[in-house]
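Asker: Take a look at the letters that make up each chain.
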Amino acid sequence: MSVYNQNRGGIIQIIIGIIFTILIVQLISLQIFSSKYKLAADNNAIYRKIIYPDRGIIYDRKKKAMLENTISYDLVVIPNEAKGVDTNMLCQILKIDKATYSKRIIEAIIKNTRVKASAFEPFLSAETYAQLNENLYRFPGFTLSERSIRSYPYNTAAHVLGYVAEVDVNFLQKHAAEGYEMGDYAGMTGLERFYEPILMGQRGVTRFLRDNKGKIQGAYEKGIYDTLAIAGRNIFTSMDVEVQQLAEKLLQHKIGSAVAINPKTGGIIAMASSPGYNPNLLTGNQRRKTIGRLLLDTARPIYNRAIKGQYPPGSTFKPMGALIALDEGLITPDYGYNCRGSYGACGDPRKCEHHNPGHAANLQLALAYSCNSYFLQVFRMAIDNPQYHNAKKGYLKWKEYMNAFGFGKKLGVDLPSENRANIPDTAQYSRDFGGAKYWNSCYMLTLGIGQDRMTATPLQLANAMAYLANSGFYYTPHFVDSIENEDEEDKLMLEKYRTKIEVTKIAKQYFDVIKEGMHDVTVIGTAAFIKVPGHDFCAKTGTAQNPHGKNHSLFVCFAPKENPTIAVAVVVENAGYGATWAGPIAGLMMEKYLNDTLTTESKLKAENLSNVDLMPAAIKSWYVRNNKTEMLTPFEYNNDELADVWDMEMLSEIAPTKLALDTPKKMDTLPVTPPSKPVPSRKVSKETALDPLQKKKKVTAKKNGKL
Amino acid sequence: MVNYNNNNFSKGTDFAVILLYVIMVAIGILCIFMVEYNPNLNWSNSFLTAKTNYSKQIYFAIFCAFIAIFILLMDSKVFTALSNVLYVLGILLMLATFVLGKDINGSKSWIPIAGGFNLQPAELCKIFTALILAKFISKPETDFSKLKSHLIAGAMIILPAILSVMQHELGLALVYSAFIFAMYREGLPPIILVVLLSFAILVIATLLLDPTILSIIISVIAGLFIINLIKKFKRNKNSILVIISIWAICFGTIKYIVPYMFNNVFECYQSTRIYSMMGKEYDCSQNVKSANKTTVNKKAARKPDDYNVKQSKIAIGSGGFWGRGFLKGTQTRGKYVPAQHTDFIFTSLGEAFGFVGTFIFLGLYLFFLFRLIRIAERQRSTFSRVYAYSVVGIFFFHIAVNISMCIGLFPVVGIPLPLISYGGSSLLTFTVLVFILLRLDADRQMVLR
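Chains as they are written, first to last, in this note's numbering: chain A, 691 to 1397; chain B, 7 to 455.
For the record, the hints were derived by calculation from the structure and aren't laboratory data.
Owing to the predicted nature of the structure, the values given are computational and were not obtained by experimental measurement.
Keep in mind that a hint or two might mislead.
Straight-line distance between alpha carbons at most 30 Å, and here's what the computed DSS-like set of lysine-lysine pairs gives [said to hold, decoys possible]:
| id | chain 1 | residue 1 | chain 2 | residue 2 |
| --- | --- | --- | --- | --- |
| 1 | B | Lys-341 | A | Lys-903 |
| 2 | A | Lys-1251 | A | Lys-1198 |
| 3 | B | Lys-243 | A | Lys-739 |
| 4 | A | Lys-903 | B | Lys-145 |
| 5 | A | Lys-726 | B | Lys-316 |
Chain B regions said to be covered by chain A (calculated; three or more residues, Cβ under 8 Å) [what the hints assert, rightly or not]:
| id | segment |
| --- | --- |
| 6 | 84–98 |
| 7 | 159–168 |
The beta-carbon is built from N, C-alpha and C at its ideal position, and this holds for glycine as well.
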């Protein structure tokens, strides 16, 4: 047969060889060149149980805990094991219906698969917890898992402290290298964010081997890869809870911000931004309800105006302008300007608040009376300084001074997302005025009185006061004084807050003149009626024009005059004169800090001030339109009287005839009038409209429903 | 060891094959042990109690050793003499399963015998088919260059295959295609291999590509051929007909045969597996069988069909170059690979010993197969040679399909890895196959049969 000439056995061997080669090639590709299978195997079989340490606590300067950890319980379910559950009872305890039950089980499966535990109902109330715990045997597959959440015993400093929240996909992408996982909690804003690595501590990981049904088989590799949880470290801040609370209280029903710094250390004593919110509203099960509303609120309660708000400093800038001119040798403290109520050297005359001759006979007087003409002149002299030949160079020098004072740059406070505000650079002017050659000091004249394009954050304003108070240096403003068990790395991080920043070399005598002038402000000048019992202090008022409506009310100060220990800046948006609104707030804050308490008179003043409503009309009408009256300032949750005021408004909808609201205009005419004044009349009208008992019910019902 | 002078049966026996056989069985028991190992149980105890699969496999191995010795002591003439009877017996047994059959994993191919053990006649039938094929081809009156002989041989092979399909044992049925090696060796024209290969390529192409595109490609190729050979046609008008008929067959395959196969011949899950191999999804609603089934009993959706392959690939892939170490494979320990002690036994090896392990293991198999081919080629009798090539074919088919399936090169079909996979029937079948060959080989000097 011809078959035997063909070596068909050989061909069969070749076929076998080829097939085996294909198998080997595939094995090479699987076992040598694909790393994903190892990962997939680990994902399958290694169950990492993460042990969360307690987060560090943040203390104020008197070692009061501004936030604490409390235990909250989650109801956790493993869908695969949830068989034979007494759903009726469970739904009854949780107050959900069966459809919700199945929906949540499905959500849990989608989120974490059938065999892993997912939260069924987070943050149980104490009552629900007790009920569930008692009946847990009826709900196989359900467990109660403990978790630590933040609580804020003083209900204060929400913006500074920030909040902790579950990480989302975005966060995970941004912090890919830091080992966060879905379901972790991390500081999102404020100090919680900035000091996250310290506060977080170190998570412990225990690895278990698990089988295809998700059952734990035992420790993986006898636990050699396991790590222990290390508790987060506490941090100690320079804040003063009481001053902070006072500042927030005083800023109620206003839009604005107050910052107090200890010039000796740069430590921030208080930083308030209004409207704010109660930090407790963003913990636990409150968060879900609150966060959306806070984010949508037109007054932006989450926005920290103290480091992000940009305000024209207005007259509060004047001491700095004078300092520049003094240092450049353009004026002496005796320099005077003959102001007749306006400044006309640049054509279009600029108004000054004072007409009497001699109110700007020297620097001290000009500061005390806040003479616009004087400082416009001084500014022009600085820009047109003959030493620099042209306005551009003069301006650059001026800007250099500004940056040295901490304006127009990020100070580097230990909070995320600080704003640098704005000191315009020459390029902006050159562009707008058609080239560097074409502009001179007249073009940006009002920079001299803190207007034009100059803006500063309240923090920068306070820092500039600290600079003046220290006669020529400041420390980068910061909150954290020290960290528990500070190590070398921490020291390196805090180094920047412990280093004196002394860019300028301005003679002390010039500072003394400025201080005298600012002291005069509080004695004979624009802030003469503001007193801090037992202390002399230096201050400057500011009333800044702005494109958003009424003038901003600003006030900067430091105290005591000799050896200052507190520097304050207060901004109240669209409120009017600096001395009227911002001034008293700053004064009370200083009094509280320096004397540790307020006099009875001051207390009354503080009470009245806190009740004044200076919300711009636009924002108020937004609240009315959106029926979100209860959102106004969440501080008022702690303040029953004020809550009543807003309840009144809600009820006014029930009695349509009484819809007319207090317009802000009306408020303007009454300087320090608590808004509760018109209330009694309304109360009567309402009580006539509704049975009092019924009304009370309605109010509480509404409150409960919305809070 | 064995004394040549005193012991008759050792004479001429190929000890290399026996050694390889023993190594393989030992590796198999080791692999099953890895799969079953539970650190919480005292394994030395469970070896004796026959409650775990590896201890059962040891008993199977011991039993097989007796069978092997028994076969080696037999007269080699028995096999030729009994081949017809055995074949008929095998077919009857397979038919008996339809009556006595026990349902294991959805296939009714097992006959329960004493002691809780089950017998799978389809496995044994492989041996009988090998014997009868050898007998048929070796008959002096058979001229295996003729089509008629091919058809008869094919019928012998296809009968048990069809019965296997009816028992829902597609894998076992496919094994019968392994006899093509022996038939090819004995004179099957190579053109049949080429045609079968082309058909396979066409089917795969149909699954991978859009039918319309494929039809266009086929038509274009046919067109090119016609244009190229246009001068030839003037002399030989038949070739144009040949090209056109080939084109028509291809077209028919794409358009009708492949869809028919998947929708009417295969079960839904089989079609799904094959489609998922190609990275595609199969719509079960087209499947006639599943349509019938769902009307009868509505079964809940099962795990996605590529779950096995995925886990199997993870297990093998996670082994890396050196492997994760003996008993350290997490896929194996966590029982992530279904049917790991039987059809997916290769994964435990791949995970524990990595590429080094699998490479050596495949090397052993290759050596084993080449050794068998060498034995086959040194036979003087056609019977022995045909039988030897049948054994080579069966082994090769099992190895290639099983490992391809584990590493994702072939759809999942229930085919055990010879000598390694857990299972008494399977081990017994391969033992008998090998030792009959060794017995025949020992008598290779004897007269032609």
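Asker: For each hint, tell me whether it holds in the structure or not.
Answerer: Going down the list of hints, with the structure as the test:
no. : hint                    : verdict
1   : B:Lys-341 / A:Lys-903   : holds (9 Å)
2   : A:Lys-1251 / A:Lys-1198 : holds (14 Å)
3   : B:Lys-243 / A:Lys-739   : violated (78 Å)
4   : A:Lys-903 / B:Lys-145   : violated (57 Å)
5   : A:Lys-726 / B:Lys-316   : holds (12 Å)
6   : 84–98                   : violated (count 0)
7   : 159–168                 : violated (count 0)
The structure does not agree with the numbered hints 3, 4, 6 and 7 stated previously, though it agrees with the rest.
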